[in-house]
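Enquirer: The sequence shown maps to residues 2 to 173 in the working numbering.
FRET-style restraints, in silico, Cβ to Cβ: (1) Met127 - Ile46: 19 to 27 Å; (2) Leu90 - Tyr61: 37 to 45 Å; (3) Asp47 - Gly115: 17 to 25 Å; (4) Asn128 - Tyr61: 35 to 43 Å; (5) Arg154 - Ser59: 30 to 38 Å; (6) Arg154 - Gly115: 45 to 53 Å; (7) Val56 - His88: 37 to 45 Å; (8) Ile72 - Tyr117: 22 to 30 Å; (9) Leu158 - Arg49: 37 to 45 Å.
Derived from the structure by calculation, the hints contain no laboratory data.
Backbone N, C-alpha and C define an ideal beta-carbon position, used for all residues, glycine too.
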Amino acid sequence: MLSLEFTPKCVCWIHKRGASLPLLALCSAPLEVLITILYWGLVAIDRRLVVPPEVEISLYADVGFHAMPAILLTIDLLFLSPPWTLHALPAMGLSSVLAVLYWVWVEHCYKYNGFYPYPLFEQLNMNQRAAVFAAAALTMTISTGMLQWLYGRVNGLKGAQKKSTPSNIKGE
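Turn these sequences into a full structure, and let the hints steer you where they fit.
Expert: Structural data, given as structure tokens:
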């Protein structure tokens, strides 16, 4: 049984290793934008692809789970975060790693539970699921680029005027 506990000791360990909140923002905002795009895109096609017919989710909960995180993290990124740059290749690498990790998790859950978390995966074979996760990685890469562009527009930056890495909070 896999258990992840996020305790203050864990936070300190992560911070001591050079990872900081901007690194988390670098991953989480584009990931939540991806989740929102995929979820609501599939709901627009056929809600039964992502929610089994026997499950009833209120609109309030649905928006709370599948839209508000992207909206709030985008606001945080645009107005409260220091400048950051992530070029296309590292963005694609990060997106690909996250897609593969999620795919492994989905398959693990299937082996343990006997069903996939989303009905769509039941309808796809292994190659089709691989294509879905590859497309998701590409979509996350594009959302990362779009968030960077939007950050520049909102904050008056032209291109990458100030280079910053996730652990460089001051943008020096």
